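Protein chains in written order, with my numbering: chain P, 1 to 214; chain L, 1 to 527.
No lab work stands behind these hints, which were simulated from the structure alone. Computed from a predicted model, the values in this text were never measured in an experiment. Don't take each hint at face value.
To be verified - Listed next, the stretches of chain L that the computed footprint assigns to chain P, with coverage defined by at least 3 CB atoms under 8 angstroms from CB atoms of chain P:
id, segment
1, 402 to 413
2, 507 to 519
Unchecked claim - Ranges of calculated distance between the beta carbons of each label pair, as one might list FRET restraints:
id, chain 1, residue 1, chain 2, residue 2, range
3, P, 178, L, 424, 51 to 61 angstroms
4, L, 457, P, 69, 40 to 50 angstroms
5, L, 347, P, 114, 23 to 33 angstroms
6, P, 11, L, 364, 55 to 65 angstroms
7, L, 424, P, 180, 47 to 57 angstroms
8, P, 11, L, 506, 31 to 41 angstroms
9, P, 59, L, 299, 24 to 34 angstroms
Ideal Cβ placement from N, Cα and C applies to all residues, glycine included.
What follows is each chain in one-letter form.
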Amino acid sequence: MRVVIAEDLYLLREGLVRLLEAHGFEIAAAVDNGTDLLSALLERRPDVAIVDVRLPPTFTDEGLRTALAARRQVPGLPILVLSQYVEQLYARELLADQAGGVGYLLKDRVFNDDQFIEALRTVAGGGTVLDPEVISKLVGRRSRDEPMTLLSPREREVLELMAEGRSNSAIAQRLFVSEKAISKHSTSIFIKLGLAPSDDDNRRVLAVLAYLNS
Amino acid sequence: MLQLVLVVAYFAGCVALALRREKAQGRMPSTLLGRARAVGWGILLLPLALMIGGLFSPASGPIVFLLLLAGMLAVLWPAVAAKVTPLALIGLGLYGLVIIRALARGDYVPVYGLVSPSQGWARTYAVLSQMWAFLAFGLWLAWRMMNRQSRVAQALLWEKQKGQGEGRRPRWGLLLLPVVVMTIELLGLSSWFGQDWWRAGATVTAMLLALVLISLVPAVAADLALAVLIGLGLYGVALAAMWPTHIQLPSVYTDQVRYGTVWVVDRPTAVLAGVQGLALLASGMWLAPRALDARTRALFWPAPDAELAGRVQQLTQTRAHAVDTAAAELRRVERDLHDGAQARLVALGMNLRAAERLITSSPQAALALVGEAIQTSSTALTELRDLVRGIYPPVLADRGLPDAVRALALDTPLHTEVDIDVAGRVDAPVESACYFAVAEALANAVKHSEARHVQVRMQHARGMLRIEVSDDGVGGADPLRGSGLRGLERRLGTFDGILAVSSPLGGPTMIVIEVPCALSSQKTSTC
């Protein structure tokens, strides 16, 4: 699997390269600024990209903007955005095109390399991964939108884990129930949110989006 | 001669006794200067007693009595003696006036200070210079010893502090009292010791009028005092310049002019009057810009207009607030770093060190420690993240105010509508102040309002950024109660911004922030 890495801190960039190589990824490019990132994304067409939100030359949300620009040209280009902080605003922007294949995680999550690699693979496979911090902020909100109030507490729990990018089997493990029960829950969630039966991955993305917009 | 020896011996004895007393109390400086200081100013009462005694008569009775009294005070109650000394000096100085008057009349004159009775204008000079020396020394001592904290001193010298930032201002109106005394003297109306009832009545009435003015309209009293002071000074200078002719004031004295401390009878006394006039004039000129009422001052010194002055005061205040806020903020950051991330990094280091020691002997325990270390580092990162968010929120840095407010609305656990019409960015400090004001308003809405909906409207028109945060809650928000909104109001004040709260009981609550600011052309991208 070919990866493009955009990270301006040398130590972190090298750490990521080493980590990914150890897990059998191929590093297509490792860049340290937004301009190089865009050309790397468009020319190398990686299977997945890891992008830091804050990059030179502006040191603002250069990475995020570049990622969004690249996805406008190559819809669904899988990108995992890393940041020192997470914002719902940015999460929405990433998910807005409903194409899937996006992730948004705190940089700390790299510490747990197994989960990080799993998240990277989920994104590469077209899934959606949101940081638990974004999710927990959402949980703090009292939802007033009709569809969300229809969900049972258990279903909301499943939806939260879904937003974190976990597969049905991982959710089942986490909640100590069978995978079958989870798939029942998720079908119920899709129906309640009015999502037509289609490709399961896409429905998951849409469910998470509905959740974000609640 | 014998008397002189006796007096000197008595003085020496008093000094020695005073020093012994100091020594007995364990305070004995080794240097000569220190010893002189230890005896205190009270010892001056002895020569003063001698001089005051000399004023009465050559008879030794009062002198001996006064000397004994002074010695007793200086040795036994040095603190009391020190307080009496300036009063005695001032009294002696003032009595010089009486002597000068007597000299001019050709009356009998007792010993004054170091001068023996005699006639002639040279004596007048000698008495006059001593008089000024006594007065100046006495006033200086009194000033030195005055307890600045005492209420009397404050009432005399300074107005009570009015609110913050105004500082202390002397009560210049009090100046009217000495000025009135001088005028009365000049007009020959004074009758301090005499039995001339109508003159005494006029004196007392003038003083009472002055007191009424001072207490009722201090500003007018100060203006009047200065005007008269300068007038008196000019008159003195004119006397000297025009001698032997002179301007006849409606004075009691028809043939002579008394000016200040002298009768103007010949050229030297006229010069003396001129010198005194110059002194009065100079002090009047020096005091004028300080003591005149602000409105009067504006007539003479084309002052910056009131608006500008108000602006300067406001800027001074808001600058002080800004500096305070910045300092408090730095302290908070320091404390947070110290108690948070810094402490966690120490713990992290210790854990890793312990793990290093255990790794061969007890890998399981080492593993647990490493796990703990990872947890600690993650907590430290979270704390740092929260800290950074409190200093300068990342979205604000990345995107500017509109998107930062949108992000705030998203994080608010209420149904929050955002309506933003701002195309461009405002200066970073203004953005930051507005951001935290909106954040506080939203947090208040969540905590206190019981609202279901919150609306944030932001627009920039005619050089004014206006933000409205309104909710449909129960209202009753008191901006004076919470320190949060007031702090933000001050922070906005630095940019001439305002924060207004309308929150009647029963709601709704509306908070309006207005800051004059320009937009830079840089567009905010919301993708």
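For each hint, the structure was consulted:
1. 402 to 413: As far as the segment 402 to 413 of chain L goes, the hint holds, because 7 residues have Cβ atoms under 8 angstroms from chain P.
2. 507 to 519: The restraint on the segment 507 to 519 of chain L is violated, since only 0 of its residues have a Cβ under 8 angstroms from chain P and three are required.
3. P/178 - L/424: 51 to 61 angstroms: holds, 56 angstroms
4. L/457 - P/69: 40 to 50 angstroms: violated, 31 angstroms
5. L/347 - P/114: 23 to 33 angstroms: holds, 25 angstroms
6. P/11 - L/364: 55 to 65 angstroms: violated, 30 angstroms
7. L/424 - P/180: 47 to 57 angstroms: Cβ of residue 424 of chain L to Cβ of residue 180 of chain P: about 55 angstroms, so the range 47 to 57 angstroms holds.
8. P/11 - L/506: 31 to 41 angstroms: violated, 58 angstroms
9. P/59 - L/299: 24 to 34 angstroms: violated, 58 angstroms
Checked against the numbered hints given earlier, the structure breaks hints 2, 4, 6, 8 and 9 and satisfies all the rest.
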